[in-house]
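S.K.: Sequence:
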Amino acid sequence: MISLIILGDLRLETLRHFLNLIRDPAQLISLGGYLGMVIIVFAETGLLIGFFLPGDSLLVTAGLLAATGATVGVHLNFGLLNLLLIPAAVVGDAAGYWIGRRAGQPLFQRPDSRLFKRKYLEQTQAFYERHGSKTIVMARFVPIVRTFAPVLAGVAGMSYRHFFLYNVLGGIGWVISMLSIGYFLGATFPWIGKNIELLAIVIILISLIPILIEYLRHRRQPVDAKTV
1 MISLIILGDL RLETLRHFLN LIRDPAQLIS LGGYLGMVII VFAETGLLIG FFLPGDSLLV
61 TAGLLAATGA TVGVHLNFGL LNLLLIPAAV VGDAAGYWIG RRAGQPLFQR PDSRLFKRKY
121 LEQTQAFYER HGSKTIVMAR FVPIVRTFAP VLAGVAGMSY RHFFLYNVLG GIGWVISMLS
181 IGYFLGATFP WIGKNIELLA IVIILISLIP ILIEYLRHRR QPVDAKTV
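Going by our numbering, the sequence shown opens with residue 1, and the numbers climb by one from there.
No wet-lab data here; the hints were simulated from the structure. Where a beta carbon is used, it is the ideal one built from N, C-alpha and C, also for glycine. Keep in mind that the hints are not guaranteed to be accurate.
What the hints assert, rightly or not - Listed next, with one range per pair, are the computed distances between beta-carbon atoms:
{"id": "1", "residue 1": "Pro-190", "residue 2": "Leu-83", "range": "38 to 44 Å"}
{"id": "2", "residue 1": "Gly-32", "residue 2": "Ala-156", "range": "31 to 37 Å"}
{"id": "3", "residue 1": "Phe-189", "residue 2": "Phe-52", "range": "25 to 31 Å"}
{"id": "4", "residue 1": "Ala-187", "residue 2": "Ile-49", "range": "31 to 37 Å"}
{"id": "5", "residue 1": "His-75", "residue 2": "Arg-130", "range": "41 to 47 Å"}
Go ahead and model the full structure; you've got the sequences and the hints to work with.
M.R.: Here it is, written out as structure tokens:
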């Protein structure tokens with residue numbers, strides 16, 4: 001009985017440590033280096049269980065550290081970050097597409113679990129229906145939707161050639177923009193790296209910009225155009 005209690009406490013402590021770790025992109029970069037970032041970007045964009053990983057904050061933080069020259073276990077180079085993480089994002093979305101293409105509709109019948117919620121697919125489907133093929137690009141900038149959009153494209157049977165074009169454009173745009181924002185912040189305001197809470201707010205605001213732009217653009221369309 002005592003051993004079970006100790007085991008339960010250890011598991012709880014391990015989970016707590018893991019949750020704290022994924023909320024600290026700088027520590028993730030310190031522990032994983034370039035390889036760790038590649039794995040996280042791939043998993044967050046391509047694997048269903050990766051939706052909770054810090055994609056935006058990881059990229060912005062990496063760009064910031066590259067600008068300040070701070071060493072967190074590894075010295076980050078802005079050019080090398082782009083060279084490694086753009087392919088990781090593109091291949092990640094491609095993996096998600098083929099998961100959806102092969103698994104198909106049974107994904108929607110899958111019961112909820114701790115790591116999978118059917119509502120995430122349903123939210124992504126609604127987003128996809130509003131924005132069509134542009135979702136593959138726009139979803140890059142929206143947490144959770146980013147993970148499930150390529151899966152839904154596969155489920156919907158979008159041609160891979162069509163998907164691949166939007167995938168590449170989205171992957172390049174997302175990685176370069178997030179790294180560049182971090183690099184600009186680090187070069188302009190070096191002190192921001194010591195204010196993680198402020199950095200987190202900036203990242204959230206950045207992730208909302210594409211949605212706001214699309215919402216305003218949609219509001220300006222004539223009523224007839226919206227109903228077509």
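S.K.: Just to be sure I understand the hint, the distance between the Cβ atoms of Pro-190 and Leu-83 should be within 38 to 44 Å; is that true here?
M.R.: For Leu-83 against Pro-190, whose Cβ atoms are near 25 Å apart, the range 38 to 44 Å is violated.
S.K.: Using the Cβ atoms, figure out if Ala-187 sits within 31 to 37 Å of Ile-49.
M.R.: Because 35 Å falls inside the window, the suggested range holds.
S.K.: Is the distance from the Cβ of Gly-32 to the Cβ of Ala-156 consistent with 31 to 37 Å?
M.R.: Given a distance of about 34 Å, which is inside 31 to 37 Å, the answer is holds.
S.K.: Between Phe-189 and Phe-52, does the C-beta distance stay in 25 to 31 Å?
M.R.: For Phe-189 and Phe-52 the Cβ distance comes to about 28 Å; the hint holds.
S.K.: Could you say whether the range 41 to 47 Å given as a hint is met by the Cβ separation of His-75 and Arg-130?
M.R.: holds (43 Å)
This entry does not satisfy hint 1, going by the numbered hints stated previously; all others are met.
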